[in-house]
Amino acid sequence: MSTVAEPASLLTVALIGNPNTGKSTLFNALSGSRALTGNYPGVTVEKKISRMTCGDRAVDLIDLPGTYSLAPRTLDEMVAVNVLLGKQSDVRAPDVVICIVDASNIERNLYLVSQVLDMALPTIVVLNMCDVAAARGIQIDVPALSKRLGLPVIKTEAHRKRGLDELRSTIVSVAAVAPTHHLDRPPIFPAAFAAECEQLGAMLTSLGKPQTPYFLLERLLLDVGGYLEGHFVDGQASQLTAHLVGARERLAAQGVKVPAAEARLRYEWIRNILEGVLTRPASRPVTVSDKLDSFLTHRVAGLVVFALLMLGMFQAIYTGAKPLMELCDAGKDRVGNVVGGWLPAGMLNSLVVDGIIGGVGAVLVFLPQITLLFLFMAILEDCGYMARAAFLVDRLMTRLGLSGKSFVPLMSSFACAVPGILATRVIENRRDRMTTILVAPLMSCSARQPVYVLMATAFVPATTVLGGWQLPTLVVFGMTFLGALVAVPIAWLLKKTVFRGETPPFVMELPSYKWPSPGVIFNRVYEQAREFVVRAGTLIMATTVLIWGAGYFPGDHSRVDELTAQIEALQADPTRAEEHAEEIDDLVSQQNQMRGQLLEESYLGRFGHAIEPAVRPLGWDWRIGVGVMASFPAREVIVTTLGTIYSLGSSVEADDRNLVSAVQAARWPDGRPVYNVPVAVSIMVFFALCAQCASTLLVIRRETNSWRWPVFTFCYMTALAYLGALLAYQIGRLWS
Amino acid sequence: MLSRGEQARICGVQGDDAVAVRLMEMGLVEGQTIEHLGAAPLGDPVEYSVCGYRLSLRLSEARRVQVE
Chain X
1 MSTVAEPASL LTVALIGNPN TGKSTLFNAL SGSRALTGNY PGVTVEKKIS
51 RMTCGDRAVD LIDLPGTYSL APRTLDEMVA VNVLLGKQSD VRAPDVVICI
101 VDASNIERNL YLVSQVLDMA LPTIVVLNMC DVAAARGIQI DVPALSKRLG
151 LPVIKTEAHR KRGLDELRST IVSVAAVAPT HHLDRPPIFP AAFAAECEQL
201 GAMLTSLGKP QTPYFLLERL LLDVGGYLEG HFVDGQASQL TAHLVGARER
251 LAAQGVKVPA AEARLRYEWI RNILEGVLTR PASRPVTVSD KLDSFLTHRV
301 AGLVVFALLM LGMFQAIYTG AKPLMELCDA GKDRVGNVVG GWLPAGMLNS
351 LVVDGIIGGV GAVLVFLPQI TLLFLFMAIL EDCGYMARAA FLVDRLMTRL
401 GLSGKSFVPL MSSFACAVPG ILATRVIENR RDRMTTILVA PLMSCSARQP
451 VYVLMATAFV PATTVLGGWQ LPTLVVFGMT FLGALVAVPI AWLLKKTVFR
501 GETPPFVMEL PSYKWPSPGV IFNRVYEQAR EFVVRAGTLI MATTVLIWGA
551 GYFPGDHSRV DELTAQIEAL QADPTRAEEH AEEIDDLVSQ QNQMRGQLLE
601 ESYLGRFGHA IEPAVRPLGW DWRIGVGVMA SFPAREVIVT TLGTIYSLGS
651 SVEADDRNLV SAVQAARWPD GRPVYNVPVA VSIMVFFALC AQCASTLLVI
701 RRETNSWRWP VFTFCYMTAL AYLGALLAYQ IGRLWS
Chain U
1001 MLSRGEQARI CGVQGDDAVA VRLMEMGLVE GQTIEHLGAA PLGDPVEYSV
1051 CGYRLSLRLS EARRVQVE
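As given, the protein sequences belong to chains X and U, one line each in that order.
Quick note: the first sequence uses the numbering used here, first residue 1, plus one each step.
Quick note: the second sequence uses the numbering used here, first residue 1001, plus one each step.
There's no promise every hint is true.
Heads up, incomplete: computed chain U residues facing chain X, CB under 8 Å, no partners named [as the list claims (entries may be wrong)]:
#: 1; residue: G1005
#: 2; residue: E1006
#: 3; residue: A1008
#: 4; residue: V1019
#: 5; residue: R1022
#: 6; residue: L1023
#: 7; residue: M1024
#: 8; residue: M1026
#: 9; residue: T1033
#: 10; residue: P1045
#: 11; residue: G1052
#: 12; residue: L1057
#: 13; residue: E1061
#: 14; residue: V1067
#: 15; residue: E1068
Computed beta-carbon distance windows for the label pairs [what the hints assert, rightly or not]:
#: 16; chain 1: X; residue 1: A242; chain 2: U; residue 2: E1068; range: 44 to 50 Å
#: 17; chain 1: X; residue 1: E326; chain 2: U; residue 2: T1033; range: 54 to 60 Å
#: 18; chain 1: U; residue 1: R1009; chain 2: X; residue 2: A202; range: 37 to 43 Å
#: 19; chain 1: U; residue 1: R1009; chain 2: X; residue 2: W469; range: 58 to 64 Å
#: 20; chain 1: U; residue 1: E1068; chain 2: X; residue 2: V224; range: 26 to 32 Å
#: 21; chain 1: X; residue 1: P41; chain 2: U; residue 2: E1035; range: 41 to 47 Å
Hints in this document: simulated from the structure, not taken from any laboratory.
Owing to the predicted nature of the structure, the values given are computational and were not obtained by experimental measurement.
We put the CB at the ideal spot given by N, CA and C, even for glycine.
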């Protein structure tokens, strides 16, 4: 992978560093343009690469996830190691590694640097946030540090774009020089350790393994029960395990007790490196950040601020996005009408208007909420408050088997599970993150409201109870919290079964507060929104078209289309339209009648009839069954589907008086009313717990990088919803 | 266990599982000074200052850290 030959060839540079070092800011400042993002295959780790130029060289800059250590415990953590060692098949081996270090927190940051040095790659250390360090009276002798490490050390202030030119030219010069071993750098481990690594390497080669890089041998010895041990032992179990146990015993006898020795030796090495290089004031000065913290993490004041912030954020997502969402919806109808007018009535018209434009609308309608939530999240994260929020509510969330970091994503899910699930990216523990993702759709999102409103208005007697509360309002309120209540035992159960394992540590840095960087925030929000539209969006559209097809075929729609043409002809001339107003109304109701019949005869309708025995115990007839199935792309669709089935046309609202009276009037063949209070409650409970939201499921697919979890979510939530609805109906029937 | 505002020198971390390794990686090694800065509303987790930065630990993790 030598790049010395051609001066104009592409360089690959990997950027690594601790969280909260300004790594994203540096990445954006260096590359300027937008990054290509995606996932590394098979894992949930995000891949972020951007093209930039250093002098006359084109450079691919790879942003690795922020980490405190390169000791991989899971496949996800192994990705960074694989990228650095050039073992990740879809990324070129890096020519240069940039290790970004927070100058105000240099001691702990050098831990990761010391691990990167063990890879013997051309490395540059970037000292970022030197301004913060200076404000705290911390002085670093950069030339001396560079000499001791045997590496170029560059001072930057990424948010002010300072030091970037020097960094760019250093990248080119470092890449041009072959890596040499700096013998003047003090060794981290004693000679006995290096000897054990060599022995282990020889042993692996004798087992027929290809030459193993020194860094991996080191990790094999140091990480007891780590990812590599599991990976290598696979197959040659007894021999390698025995060798490792023996080697660790020999090392312990020489004073290198694994695993405790690594941290001790590395920090000792860091202390020696920094001796005389780092000057700290005798007493730590109280900074603005400290003063803010004494207030923001205060037992009382901290909680009040937190509650106000969360309430404000929720309110903004819930109501602030509403006008924009209505605009999206209105825009969709408008475009649908215009396009519908151009195209001749028929299947193509219906496909374009109801299938495709409806699908695009279904995607875009989420955008305002997603963008707003991500704006808030990015600001809170970038300024350093997110860690405090997790700190404040951690105790509460651990009682549910989750961690403090699950709070914000779950709360956001009350507006919409899609941004809520995207927000789980801040949870670094996989089991915590997965549990949060899987229970997030149980939070009552805004799409469930129309269903609750329709059912509660129609069937719950509007009596006043408990001193002034309307009973329907109370029922809607109760339904809103049913999901969250059920989520508690579900989360507990998931943590006990599927995601069993020891409680992940909550060892969390509380970074210094800083002004959020507009560039980083803009980039993050833009990327999230774009990714949602491109990745989940296409699948959401496909689902919408699929369900449209199931509800359209195989019926003969020629009569409906003829009626449409007749109505349009009458409406074309305003004076005639007025004269024939009655005739138009008559035609429209005929048409609605026909549409209802066509839906009943469609594949969807036939399927609804077929599953009627299954939904009968819930008190439902085939119409409700069809409504539930048609609402798979999104829950609120049930309202319009019921509108079509009851021949009212598809443009009904949840509180439409005709729809309310139509459902009230619906009868079984023997004359009993279909809907009564238990049935209404059964439908509401079903919708409170079901996973009837293609967007959510597809976002789960995107975030977990696997089809297994959306399928699992759909199955467990549907089973839960069915059981809940069954219980609600059967108990309700006994009652009334 | 330290109480609010107290400082002490670390003399080690109990155990050699993943949690212990994590604590040590974060700088909780022998010889470092640790200071208790305050606790969350329900008394857990606790905020400490170590290596010149702020670190939050649950009580169950903080108990692992042995101080002089």
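Structure-based check of each hint:
no.	hint	in the structure
1	G1005	12 Å, violated
2	E1006	15 Å, violated
3	A1008	16 Å, violated
4	V1019	5 Å, holds
5	R1022	5 Å, holds
6	L1023	6 Å, holds
7	M1024	3 Å, holds
8	M1026	6 Å, holds
9	T1033	11 Å, violated
10	P1045	5 Å, holds
11	G1052	6 Å, holds
12	L1057	6 Å, holds
13	E1061	6 Å, holds
14	V1067	16 Å, violated
15	E1068	16 Å, violated
16	X:A242 x U:E1068: 44 to 50 Å	39 Å, violated
17	X:E326 x U:T1033: 54 to 60 Å	58 Å, holds
18	U:R1009 x X:A202: 37 to 43 Å	42 Å, holds
19	U:R1009 x X:W469: 58 to 64 Å	60 Å, holds
20	U:E1068 x X:V224: 26 to 32 Å	27 Å, holds
21	X:P41 x U:E1035: 41 to 47 Å	45 Å, holds
Checked against the numbered hints listed earlier, the structure breaks hints 1, 2, 3, 9, 14, 15, 16; every other hint is satisfied.
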